[in-house]
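Engineer: Once you've looked at the hints, dock chain B against the given chain A.
Residue numbers (the numbering used here), protein chains in the order written: chain A, 54 to 318; chain B, 54 to 318.
Read the hints as simulated data drawn from the structure, not as lab findings.
Since no wrong hints were added, every one of them can be taken at face value.
Note that the list lumps identical chains together, so a pair holds whenever it fits in one copy or between two copies.
In silico PhoX-like cross-links for lysine-lysine, where the CA-CA straight-line distance does not exceed 25 Å:
hint, residue 1, residue 2
1, 295, 182
2, 285, 192
3, 218, 182
4, 295, 98
5, 138, 66
6, 282, 309
7, 219, 182
Protein chains: 2
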Amino acid sequence: MNALLKYETRAQKVGSLVSVGLDPDLEKIPSAFRSQKFPQFEFNKYIIDQTAEFAAAFKPNMASYEGAGAQGMLELEMTINYLEKAFPDVLTICDAKRADIGYSSELYARAILDVLGFDAITLHPYLGKDGVQPFLSRKDKVSIVLCRTSNPGAGEFQDVESNGKKMWQIVAEKVASGWNENGNCMLVVGATYPEEMKIIRSVVGDMTLLVPGIGTQGGSVQAVMQAGKNSKGMGLIINSTKAIIFSDSPAREAKKLRDEINLYR
Amino acid sequence: MNALLKYETRAQKVGSLVSVGLDPDLEKIPSAFRSQKFPQFEFNKYIIDQTAEFAAAFKPNMASYEGAGAQGMLELEMTINYLEKAFPDVLTICDAKRADIGYSSELYARAILDVLGFDAITLHPYLGKDGVQPFLSRKDKVSIVLCRTSNPGAGEFQDVESNGKKMWQIVAEKVASGWNENGNCMLVVGATYPEEMKIIRSVVGDMTLLVPGIGTQGGSVQAVMQAGKNSKGMGLIINSTKAIIFSDSPAREAKKLRDEINLYR
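Here chain A stands alone, though its shape is the one from the complex (with noise of 0.2 Å):
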């Protein structure tokens, strides 16, 4: 199944537009799993567990496994194939932020999506639409391309400004002119930057958006859901981490945002 359809499927089934991120940093997770054999993984599936009845998506950030070197990277594919098992129908991107040029990003098209075989992957928009190209060919595949970031200096480059267009504008309508020939890109829009996600919006259409930034960076779920939904009152993946997986409840947490955001589809 194509994994566009694959999220929208999941979504309407569970009612939930949330992501649940997946970042078992072995500093900021309990010690209870700092002492198991692969606590990276254990955490992961205690998170999953607690969370998956709310949840369309699961994201972990490839620099949390790979900061952890081998073991790491073992405990990612843990990761995968537990989802894969466990919740075949929940939507698995990697937050990876990759991009380099011909066979290289072949390689890492192989790696993460064939090999480990994720759904997703997020991927730098700067060398241009040949450096990504084994990405968007994986029809099957989503590639989400980072449009406007949510951290705070994300101005830096994304607005530069060209004939009366920002950077993160010309990157949306690139990418879903020229790139979207399979129908499997999404793009990045962080929820700190709700009028630009207005912008994005009306540019890209019914494109499904990935949107971090919800919780502790300090973007809104209400301007979030008024700026971007489409017109299916979806097309919004809502990622959340810390604020879920750091917290006392999971489950809780993870049902509060899933409710949260029911409230303005």
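Structural biologist: Relative to chain A, chain B alone:
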């Protein structure tokens, strides 16, 4: 020792501005290596031993290792450990093209610069300075920011023009001014764009440029040297990968490139 000084010292010692790319893609290395227990490491060791006397830097591309899974990451670790032991005065560049936000970037910096111990890393600029701050803050390490890449479609976003300046020029200016507080920044400028390189040289003073795109990608050594060398006849790290490592005689090809470069210094 600061990594920039390490490079300059080595380049002067061996009279070479050559970087040898270490991309031991499993489908491309000779079959004699493929049957070994650590094929990527053994191939790298052979290349390193053949070419080190002509090399000022070695540059593994992370995609070649990530593409081989946890085993690949182990063989990258074996490679950097071998380099540190056998050729401690050669610059080591991890061509990882990373950049994320906040703590995720910190985790990448730890993994690649602290734990693996590379001297330098390549970075995407799109997120802005705060996205790569953890790399910039490591004073002894070098941050090499993508500016004008060597791929055919590089211009899609890099040529977007604002107030008479292309995006690659804006990136060069920002990195040379605001990002380079620790004097530890370099830029990636493809050999396939010598006109742009000439302008970038005029913008960044004596800053060192990492130059991919010589050899199989079609860049000319003469054009690069004329456009890119700094006031000391240096300021360039000229990388070649396939034309060296997949040749019958890596030593001969590395020497040939060194000598050709030196014709124009």
